[in-house]
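Fit chains B and C to the given chain A structure using the hints.
Chains as they are written, first to last, in the numbering used here: chain A, 217 to 264; chain B, 283 to 529; chain C, -7 to 234.
Everything labelled a hint here was simulated from the structure, so no lab data went into it.
Hints should not be assumed to be uniformly reliable.
To be clear about the criterion: a stretch of chain A counts as covered by chain C if any three or more of its residues have a C-beta under 8 Å from a C-beta of chain C, and this derived list gives those stretches [what the hints assert, rightly or not]:
1. 217 to 229
2. 248 to 255
Distance windows between CB atoms, simulated [as the list claims (entries may be wrong)]:
3. Val244/A x Glu528/B: 30 to 38 Å
4. Arg506/B x Arg247/A: 23 to 31 Å
5. Met148/C x Asp258/A: 29 to 37 Å
6. Arg247/A x Val364/B: 43 to 51 Å
7. Ala255/A x Leu18/C: 28 to 36 Å
8. Trp77/C x Glu467/B: 51 to 59 Å
9. Trp347/B x Glu144/C: 18 to 26 Å
These numbers were taken from a predicted model, which means no experiment stands behind them.
Glycine residues also receive a C-beta, built at the ideal position from the N, C-alpha and C atoms.
So the chains spell out like this:
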Amino acid sequence: MPTNAGYYEAAYVAAAVILVGYALTLAVRMRALRVRLEAARDQQDGRE
Amino acid sequence: MPDITVALPAPLVPRPAPAATPPGTLRAAWLVARKDLAIEFRTRTAFFSAMVFALLGITIFYFAWDATAVAAIDLAPGVLWVIFTFSGLLGLQRSFGVEQADRAMDALLAAPVDREAIYLGKALANLLFVVGVQVIALPAVALFYNVPLGDVWLPLAGIALLAAFGIVVVGTLFSAMAVNTRLAELLLPMLSLPFFLPVVMSAAQTTARLLAGRPVAEAWPWLRILLAFDLVFIVACTLAFPYTVEE
Amino acid sequence: MTDAAPEGVRSTPHGPSYQGGGVDLLLLSGFLAVAAVYVRAIAFTPVEAVQGPAQKILYVHATSAFVALYLAFALLAVCSGLYLWLRDEKLDRVAESAAEVGLAFTTVVLITGPLWGKPIWGTWWTWDARLTATLFLWFLILGYLLLRGAVEERAMRARYSAVLGLLAAILVPFIHLSVYLFRTLHPMPIVLKPSAPSMPTEMQATFFAGFFAFALLFAGLLRARYRLATLRDQVLDLEESH
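Isolated chain A (complex conformation):
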C-alpha cells in the first residue's frame, strides 16, 4: 500500500480552511454592515 497520507491530510486542511475562511468573511462583512446600519439609523433619527 502506498504511503501518500500527506495528500489527503493537505486536502482536508485546505477544504476546512476555505470553508471556515469563507464563513469568517461572512461574519466580518455582516459586522461592517451592522455598523453602517446603526450609522444610517442615527442619521435618520437626527433628522427627525
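Just chains B and C now, with coordinates in the frame of chain A:
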C-alpha cells in the same frame, strides 16, 4: 395685400402620406444590420483593427514555438481558432458600443420594431464582420503555415461559418449587457469565453481532422455539438435579449 | 406579550432582517457535521488497498463537487429563471448567495482534485473531464459574480444576472459534452484506476454521511449569505433615502 390663390396642378397637390406600417421582424433586423454595416463601412476602424490583429497574431504565433519540433500544420487549427475568437471579440466590443453616443440606443428602442429584431440585426452585422475576418485569416494561415487547403476549403468554410454563428450569437447578447457596465472591455471576454469553449473545441477538432485528410464523417460527433449549440443559443439569446434592454 | 419573531429578527420591507445576537445554529451544525465526517473518514473508514490513504480525499472532493454543481449551481439557475418570471427581489438575493457559496465549494473541488491527482495519476493536472468541467463552472460563477459587481443599479443587476444564470445553465451540458468527447479521444495516462464501483459498506456510509454533512453546511452558508444580502439592501435603502 390681395389674396392670391393659385390652383396647383393635380400632381403637385400635397396628399397625406400613406400610413406607414412598421417593418416585420426580419426586415427590421436587416435594416438594423444594414445600419451597423454602413457605420462600419464608413469608418472602417473596427474591421481594420481586427484584421491587423488577426494577421499579427498569426505571425507571432508562428514564432512562439519550435517549428522543427512540431509541424506547422499541426498547430494551424489551434492558431486559426484562437485568432478567430479574439478578433471576433474585438468586433463584438463595438457592436453595442456604437449606440452609446448621443443615446442612440434609446432611439433604437423607441422605434416600432421588435426588440428581437434589434438583436438579430446586430448579430447579423457581427456575423458578417467575423466572416470578413475569416476570409482574410484563413488564406493567411494556409499561406504561413503551409497548409494545403485544396479540396477541403469548402467544408472548412462551412465549419468557419457555423462557428462564427455560435460566437456571434452569444457575443452579441453579452455585448448588449457589458456595454452598460463599468468594466465593459474586460467583462465581455470574461463572460463570453466560457461560452465559446464548445464552439472553439468542436471547430478546432473538426478542422484538425479535415486538414489531416480524415473523412468528414469522423468529425461528426463534434459537428453535432456545434450544430446543437448554434440552434439552442440562437433561440435562447433571441428570447433573452428583450430582458437586457428593458426600461 | 413576547415578540413572535425569532430572537434578533426585525421585519423590514425586504423581509426579516437578522440583527445578530444569537448563534447561527444551522451553520454551526453544518460545520459540526462536516467535522464528524472528517473524524469518521480519518479514523473509522478503511484505507483503500490500491490507492492508499490518498483515496480518502474523495470524501471531501466528490461531496463538494456534488454540492457545487447540483445544489449551488442548480439553485442559481432556478432562481434566475424564477426571477425573470416573478421579479421578486428575494429570488435575486438567493441566486447571488448560491453563486458565492457555490464558488467556495467549487474552489474546494479544484484544490482537492489535483491533491488527489498527483498521488494517483502522477501529475497535478491532466485535463480530466470532470475536473475540466468543474474549472469551467468556476469561471462561469466567477463571471456571474463579476457581472454583479459591475452593475450598480439593483433592478438591472438582477435582470442581467438572471439572464447570465439561465444561459450558463444551458451551457453546462454543452461543456460536459465537449469535454467528455475530448477525453474519450485523448485518454489520459492512468497509473491507477480510481475508485471501483463497488465499495465496502463502511466507505459507502462515509460517502453518504459526507454528502449529507456538506449539504447541511451549504444550507447554513447559503442562509448566512442571504441574510447578509438582505441587510446590505436594507442599509443601502436607508442610506439612499437621505
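Evaluated hints:
1. Coverage of the stretch 217 to 229 of chain A by chain C holds [criterion: at least 3 residues with CB-CB distance below 8 Å; count 10].
2. Counting residues of the stretch 248 to 255 of chain A whose CB lies closer than 8 Å to any CB of chain C gives 4, which reaches the minimum of 3, so the coverage claim holds.
3. The given range of 30 to 38 Å is respected by Val244/A and Glu528/B, whose C-beta atoms sit roughly 36 Å from each other.
4. For the pair Arg506/B and Arg247/A, the supplied restraint of 23 to 31 Å is violated, since their beta-carbon distance comes to about 53 Å.
5. In this structure, Met148/C and Asp258/A meet the distance hint of 29 to 37 Å, their C-beta atoms being roughly 31 Å apart.
6. Checking the proposed 43 to 51 Å range against Arg247/A and Val364/B shows it holds: the Cβ atoms sit about 46 Å from each other.
7. For the pair Ala255/A and Leu18/C, the supplied restraint of 28 to 36 Å holds, since their beta-carbon distance comes to about 29 Å.
8. For Trp77/C paired with Glu467/B, a C-beta distance near 32 Å fails the hint of 51 to 59 Å.
9. Distance hint check for Trp347/B and Glu144/C: the Cβ-Cβ separation is about 44 Å, which falls outside the suggested range of 18 to 26 Å.
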